[in-house]
Amino acid sequence: MNRFLKSQSYQPLGDDAVRSTNDDAAVSRLSAVTLGYMADPYIKAFVRRLQRRPPIINRGTYTRSAAIDCITAQFLGDDPSSKQIVSLGAGSDTRHFLLKSRGAQPKRYFEIDFPEITSRKAQAIKKNKELTAMLGDHSIAGGGTELHAQDYFLLAGDLRQFDALTQRLESLGFDKSLPTLFLSECVLIYLSPPDADSIVKQAANLVSSGVFLTYEQILPDDAFGSMMLQNLKSRNIELPGIHAYPTLESQRERYLKAGWDQAFAMDLNEFWEGKVEESEKARVSKLEIFDEVEEWRLLSGHYCVSWAVKGNGLSVV
Amino acid sequence: MAAADVLPLEVTEDDKKKAEEAKEAANKHFAAKQFDDAITKYTEAISYNPNVPAYYSNRAFAYIKTELYGAAIRDADSAVKIDPKFVKAYYRKAVANMALGRVRDAVKDFRSVVKVAPNDADARSKLSACEKELKRREFEKAISFDEKKKSPEELIGDVDAMVVEATYDGPHLPPTGIDLPFVQSLLEHLKSQKRLHKKYVYKIMLAVKSLLESDPTIVDIHIPSTSRITVCGDIHGQFYDLLHVFSVNGLPSPDNMYLWNGDFVDRGSFSVECVLTLFAFKWLYPKAVFLSRGNHETDDMNRAYGFEGECKHKYSEGMFKLFSEIFNAVPLGNLIQEKILVVHGGLFSRDDVTMDEIRKIDRFKQPGSEGLMCELLWSDPQPEPGRAPSKRGVGIQFGPDVTENFLKRNDLDLIIRSHEVKQEGYTSDHGGKCITIFSAPNYCDSVGNKGAYIHITPDRKLKFNQFDAVPHPPIRAMQYAGMLGGMM
Numbered sequence: 001m002n003r004f005l006k007s008q009s010y011q012p013l014g015d016d017a018v019r020s021t022n023d024d025a026a027v028s029r030l031s032a033v034t035l036g037y038m039a040d041p042y043i044k045a046f047v048r049r050l051q052r053r054p055p056i057i058n059r060g061t062y063t064r065s066a067a068i069d070c071i072t073a074q075f076l077g078d079d080p081s082s083k084q085i086v087s088l089g090a091g092s093d094t095r096h097f098l099l100k101s102r103g104a105q106p107k108r109y110f111e112i113d114f115p116e117i118t119s120r121k122a123q124a125i126k127k128n129k130e131l132t133a134m135l136g137d138h139s140i141a142g143g144g145t146e147l148h149a150q151d152y153f154l155l156a157g158d159l160r161q162f163d164a165l166t167q168r169l170e171s172l173g174f175d176k177s178l179p180t181l182f183l184s185e186c187v188l189i190y191l192s193p194p195d196a197d198s199i200v201k202q203a204a205n206l207v208s209s210g211v212f213l214t215y216e217q218i219l220p221d222d223a224f225g226s227m228m229l230q231n232l233k234s235r236n237i238e239l240p241g242i243h244a245y246p247t248l249e250s251q252r253e254r255y256l257k258a259g260w261d262q263a264f265a266m267d268l269n270e271f272w273e274g275k276v277e278e279s280e281k282a283r284v285s286k287l288e289i290f291d292e293v294e295e296w297r298l299l300s301g302h303y304c305v306s307w308a309v310k311g312n313g314l315s316v317v
Numbered sequence: 001m002a003a004a005d006v007l008p009l010e011v012t013e014d015d016k017k018k019a020e021e022a023k024e025a026a027n028k029h030f031a032a033k034q035f036d037d038a039i040t041k042y043t044e045a046i047s048y049n050p051n052v053p054a055y056y057s058n059r060a061f062a063y064i065k066t067e068l069y070g071a072a073i074r075d076a077d078s079a080v081k082i083d084p085k086f087v088k089a090y091y092r093k094a095v096a097n098m099a100l101g102r103v104r105d106a107v108k109d110f111r112s113v114v115k116v117a118p119n120d121a122d123a124r125s126k127l128s129a130c131e132k133e134l135k136r137r138e139f140e141k142a143i144s145f146d147e148k149k150k151s152p153e154e155l156i157g158d159v160d161a162m163v164v165e166a167t168y169d170g171p172h173l174p175p176t177g178i179d180l181p182f183v184q185s186l187l188e189h190l191k192s193q194k195r196l197h198k199k200y201v202y203k204i205m206l207a208v209k210s211l212l213e214s215d216p217t218i219v220d221i222h223i224p225s226t227s228r229i230t231v232c233g234d235i236h237g238q239f240y241d242l243l244h245v246f247s248v249n250g251l252p253s254p255d256n257m258y259l260w261n262g263d264f265v266d267r268g269s270f271s272v273e274c275v276l277t278l279f280a281f282k283w284l285y286p287k288a289v290f291l292s293r294g295n296h297e298t299d300d301m302n303r304a305y306g307f308e309g310e311c312k313h314k315y316s317e318g319m320f321k322l323f324s325e326i327f328n329a330v331p332l333g334n335l336i337q338e339k340i341l342v343v344h345g346g347l348f349s350r351d352d353v354t355m356d357e358i359r360k361i362d363r364f365k366q367p368g369s370e371g372l373m374c375e376l377l378w379s380d381p382q383p384e385p386g387r388a389p390s391k392r393g394v395g396i397q398f399g400p401d402v403t404e405n406f407l408k409r410n411d412l413d414l415i416i417r418s419h420e421v422k423q424e425g426y427t428s429d430h431g432g433k434c435i436t437i438f439s440a441p442n443y444c445d446s447v448g449n450k451g452a453y454i455h456i457t458p459d460r461k462l463k464f465n466q467f468d469a470v471p472h473p474p475i476r477a478m479q480y481a482g483m484l485g486g487m488m
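For the protein sequence lines, the chains are A and B, in the order given.
Going by full-length UniProt numbering, the first sequence runs without a break in its numbering and finishes at 317.
Going by full-length UniProt numbering, the second sequence runs without a break in its numbering and finishes at 488.
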């Protein structure tokens with residue numbers, strides 16, 4: 001039963017609804033950054049207006065970011081210049097710029113998203129002196145929907161046509177022999193399971209070694225999970241992938257059956273409890289009043305990172 | 001007593017060797033994240049050779065990893081006493097101080113690092129971050145001090161002089177005082193999302209303030225033979241679920257007593273309606289309606305979790321300040337039939353607490369971050385015996401043995417508490433001696449839980465009743481907290 005009586009405001013539908021989740025995530029990121037959870041001087045270039053999220057969401061954004069950063073850092077290791085990252089549905093992600101500011105960027109960083117999103121991102125980058133300077137030599141392509149630099153490529157495309165995308169990657173210098181990280185940060189779950197599976201499989205076939213890293217929701221069937229889905233539904237957001245891979249176990253399975261060698265999964269509650277250093281947890285806990293421990297356990301338990309390895313892509317977290 | 005308090009001992013070469021061996025073993029434990037073992041081994045190293053600052057500094061690091069920040073600071077101090085240029089020790093101290101929220105001390109420590117190691121860029125950046133944080137906190141303290149100058153009554157003005165406009169279409173408080181028809185009209189009016197005129201809100205608030213101020217810190221409740229009492233847990237601003245409870249369980253009356261065990265406000269966005277309803281019934285039937293203070297009947301929580309924002313939005317900041325004063329007057333607990341203690345959080349970090357001591361607590365203030373009052377509002381039961389620091393960072397976790405001892409010492413049968421959301425609306429723990437009751441179903445529109453309440457009859461028998469959430473107008477939880485939902 002829908003908790004809310006009919007609301008009158010416009011809600012986007014279909015692909016527009018999926019695209020709106022990028023704005024949501026970017027606002028959440030800026031909220032957490034502004035409050036001191038993590039450092040990211042670049043995200044404000046992509047967010048129109050600073051809005052403060054509740055403490056539980058800020059902690060969730062922090063933990064999500066830490067988990068993905070952790071696995072990405074392990075992948076890049078001491079020698080990032082011999083590696084590649086392909087970020088699927090990258091949205092307003094600032095990871096390339098953050099890595100480059102530390103001199104830790106991979107040889108090539110590809111971002112793929114809908115043209116509506118990439119054209120806004122390209123504009124925002126061009127408007128920002130610091131980001132433009134970091135790009136180095138670059139050109140605008142695709143009628144303003146793409147940016148091509150030496151080590152960074154912002155590409156417009158539809159992930160549902162992934163083989164066309166892989167051809168574009170190769171035409172832009174993607175090197176199949178280099179270890180590659182494929183990143184799906186709350187992306188695959190918006191696709192139909194066959195489309196998502198196809199991407200995971202094609203990624204495995206494309207490279208000789210690498211990692212596929214996914215962040216998304218799990219556990220749709222318990223009380224909290226079904227409430228979560230209902231609330232998303234009232235915003236016209238569906239998660240077609242959640243019933244296909246609803247558990248940590250099935251998340252691991254999805255990679256193994258697609259040709260990846262090893263697979264791992266961890267929910268964010270486990271990451272927060274077990275992988276975040278005690279002093280860091282103490283620091284983060286003091287940033288805001290936080291009286292929602294049980295709710296945090298529930299919420300973070302319904303998000304996971306899952307990752308697969310092929311060849312000598314990664315040492316285990 | 002730090003080793004450096006004693007005159008430097010004669011340390012033989014053999015001692016030095018043994019100390020180094022212990023240190024190596026400790027380092028191995030540390031690398032393997034066996035921090036307690038590392039501490040033991042560093043202690044051994046120190047006992048052989050107490051003159052090596054690195055042993056103290058390393059042990060400080062291990063203490064930090066096990067959150068024993070006080071011990072870490074003592075060790076860091078020992079290290080710099082031996083060698084005032086031992087940079088790592090200042091670092092450890094700074095980290096420990098930051099973890100304890102002692103920003104000013106952390107600034108001092110980072111300054112020391114920068115002094116001794118002026119080329120350390122990381123120290124400089126940590127120092128500047130600390131100094132920024134310190135400035136921010138001092139600014140907040142400065143602006144809040146000014147606001148405390150006026151009393152709530154001064155801020156709201158003369159209630160009797162307030163005029164109710166002719167256009168106001170809500171219920172009017174009879175000049176003789178509150179009556180049942182008024183309260184029934186009030187519920188209908190609030191249900192349609194309309195506001196009670198502030199004049200009447202203040203009248204209700206001032207009447208209840210007076211009642212609560214004359215209540216003791218623990219109220220003794222006696223259930224008349226023809227009555228029963230319904231004990232509810234957290235309701236957290238979920239007004240439409242409160243109305244639902246009234247529809248299935250009856251309105252409060254002298255025969256249908258009610259006790260709300262704290263957390264009336266915050267999270268849910270109809271907190272003003274909830275607390276107004278509870279206060280109206282309290283004024284109407286002061287001997288049949290009882291309240292316990294929850295950790296959300298406090299300024300810090302109301303600021304962060306929406307009640308202050310809701311008050312300001314619907315009425316004024318002055319009204320919030322008056323609520324804050326009234327919350328200070330809400331009793332810390334209730335004792336039913338001399339045997340059943342009902343408090344919001346739980347029990348204590350000390351074994352020998354008596355009811356007498358609890359009754360003597362000065363409750364007319366904010367609970368602070370430690371002490372009996374704080375623990376009453378914040379603690380949680382745990383399955384394991386003994387005690388542990390609370391995951392909430394305030395209060396403690398207490399085991400079945402703690403409950404057993406407290407009940408025995410005070411000749412009680414049972415404690416009923418709230419404070420934690422439960423999937424079924426309630427749990428019975430510690431062999432049935434510690435009950436949790438929670439009355440906010442589908443908490444925050446997201447948990448999907450049931451709510452529950454307890455019927456208690458004069459024979460002290462308990463009966464649990466569950467209920468599901470009902471729809472509410474499209475104003476989501478935390479609407480007035482100055483933050484928008486979003487996803488992580």
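Source of the hints: derived by calculation from the structure; they are not laboratory data.
Possibly wrong hints are sitting among the right ones.
To be verified - Here are a few chain A residues that face chain B, going by a calculated C-beta distance under 8 Å:
| # | residue |
| --- | --- |
| 1 | S20 |
| 2 | D24 |
| 3 | L50 |
| 4 | R52 |
| 5 | I57 |
| 6 | E130 |
| 7 | T132 |
| 8 | V293 |
| 9 | G301 |
| 10 | Y303 |
Here the structure is a predicted model, which means the values were calculated and not measured.
Yeah, the Cβ is synthetic: ideal placement off N, Cα and C, and Gly gets one too.
Open item on the list: Can you verify the interface hint for G301/A: is its Cβ closer than 8 Å to any Cβ in chain B?
Closed with: With Cβ-Cβ at 12 Å, over 8 Å, it is violated.
Task: Hint validity - R52/A Cβ closer than 8 Å to any chain B Cβ - done: This interface hint holds because 4 Å falls under the 8 Å limit.
- [ ] Using 8 Å as the Cβ threshold, decide whether E130/A counts as touching chain B.
- [x] violated (18 Å)
Open item on the list: Hint validation: V293/A versus chain B, beta carbon distance must be below 8 Å. Holds or violated?
Closed with: holds (5 Å)
TODO: Identify whether the interface hint at L50/A stands, where standing means a beta carbon of chain B within less than 8 Å of its own.
DONE: Hint violated; L50/A Cβ to chain B Cβ min 11 Å, cut 8 Å.
TODO: Tell me if Y303/A is really an interface residue toward chain B, meaning its C-beta lies closer than 8 Å to one of theirs.
DONE: holds (7 Å)
Task: Evaluation of the interface hint that places I57/A against chain B, nearest CB under 8 Å - done: Hint holds; I57/A Cβ to chain B Cβ min 5 Å, cut 8 Å.
- [ ] Grab the minimum C-beta distance from D24/A to chain B and call the hint holds if it beats 8 Å, violated otherwise.
- [x] This interface hint holds because 5 Å falls under the 8 Å limit.
Open item on the list: Let's test the interface hint: is any C-beta of chain B closer than 8 Å to that of T132/A?
Closed with: violated (25 Å)
TODO: So, S20/A near chain B? Judge it on the closest CB pair being under 8 Å.
DONE: Violated. Min distance 11 Å.
Going through the hint list in order, the structure does not satisfy hints 1, 3, 6, 7 and 9.
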